[in-house]
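Participant: Residues 1 to 66 in the numbering used here are what the sequence shown spells out, letter by letter.
Everything labelled a hint here was simulated from the structure, so no lab data went into it. C-beta atoms are modelled at their ideal positions from N, C-alpha and C, and glycine is treated no differently. One thing to keep in mind: the hints can contain errors.
Label-pair ranges, simulated between beta-carbon atoms [stated by the list, open to error]:
id, residue 1, residue 2, range
1, H37, A14, 16 to 22 Å
2, A33, T54, 39 to 45 Å
3, R66, E17, 44 to 50 Å
Here are the simulated DMTMM-like cross-link-like pairs (lysine to aspartate or glutamate), alpha carbons at most 20 Å apart as the crow flies [to be verified]:
id, residue 1, residue 2
4, K34, E55
5, K35, E46
6, K35, E19
7, K34, D52
8, K34, E17
9, K20, D9
10, K35, D52
11, K56, E46
12, K35, D25
13, K35, E17
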Amino acid sequence: MNNSKETLDVPAAAVAEIEKAIASDQSVVGIDAKKTHIIIIHMLREIREQLDRTEKRLDRLEQQNR
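All chains, please: the whole structure from these sequences, using the hints.
Facilitator: Spelled out as structure tokens, the structure:
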């Protein structure tokens, strides 16, 4: 199993930026859950789009090599 410190190592600057973006004094847990989920879903959509483009490029390359 991977060391969790290695897989969860986030640069301090990134942590500070994310904390600032999702912080909420109005929330019991200190973050705006709705905003946090919107950010996560948006990033997942971007990853999906990048993966789709990569798969299409790979398909074209495979077709060229046949």
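Participant: Measure nothing beyond the straight line between the CA atoms of K34 and E55; if it is 20 Å or shorter, mark the hint as holding.
Facilitator: violated, 31 Å
Participant: Go ahead and decide if the range 16 to 22 Å is satisfied by the Cβ distance of H37 to A14.
Facilitator: holds, 19 Å
Participant: Is it true that the CA of K35 sits at most 20 Å from the CA of D52?
Facilitator: With a Cα-Cα distance of about 26 Å, the restraint between K35 and D52 is violated, given a limit of 20 Å.
Participant: Are the Cα positions of K56 and E46 separated by 20 Å at most?
Facilitator: holds, 15 Å
Participant: Would you mind confirming whether the straight-line C-alpha gap from K35 to E17 stays at or under 20 Å?
Facilitator: This hinted pair holds, its Cα atoms lying about 14 Å apart.
Participant: For the pair A33 and T54, does the Cβ-Cβ distance stay inside 39 to 45 Å?
Facilitator: violated, 31 Å
Participant: Within 44 to 50 Å or not, the Cβ separation of R66 and E17?
Facilitator: Since the Cβ atoms of R66 and E17 sit about 45 Å apart, the hinted range of 44 to 50 Å holds.
Participant: With the threshold set at 20 Å, check whether the alpha-carbon distance from K34 to E17 stays at or below it.
Facilitator: holds, 17 Å
Participant: Hint check: K35 vs E46, CA-CA at most 20 Å. Holds or violated?
Facilitator: Holds: K35 and E46 sit about 17 Å apart, inside 20 Å.
Participant: Taking only the CA atoms, is the gap from K34 to D52 under or equal to 20 Å?
Facilitator: With Cα atoms ~27 Å apart, K34 and D52 exceed 20 Å; violated.
Participant: Taken at face value, is the distance from the CA of D25 to the CA of K35 at most 20 Å?
Facilitator: With Cα atoms ~13 Å apart, K35 and D25 stay inside 20 Å; holds.
Participant: Does E19 sit within 20 Å of K35, going by the straight-line distance between their CA atoms?
Facilitator: holds, 12 Å
Against the hints set out earlier in the document, violations occur for numbers 2, 4, 7 and 10.
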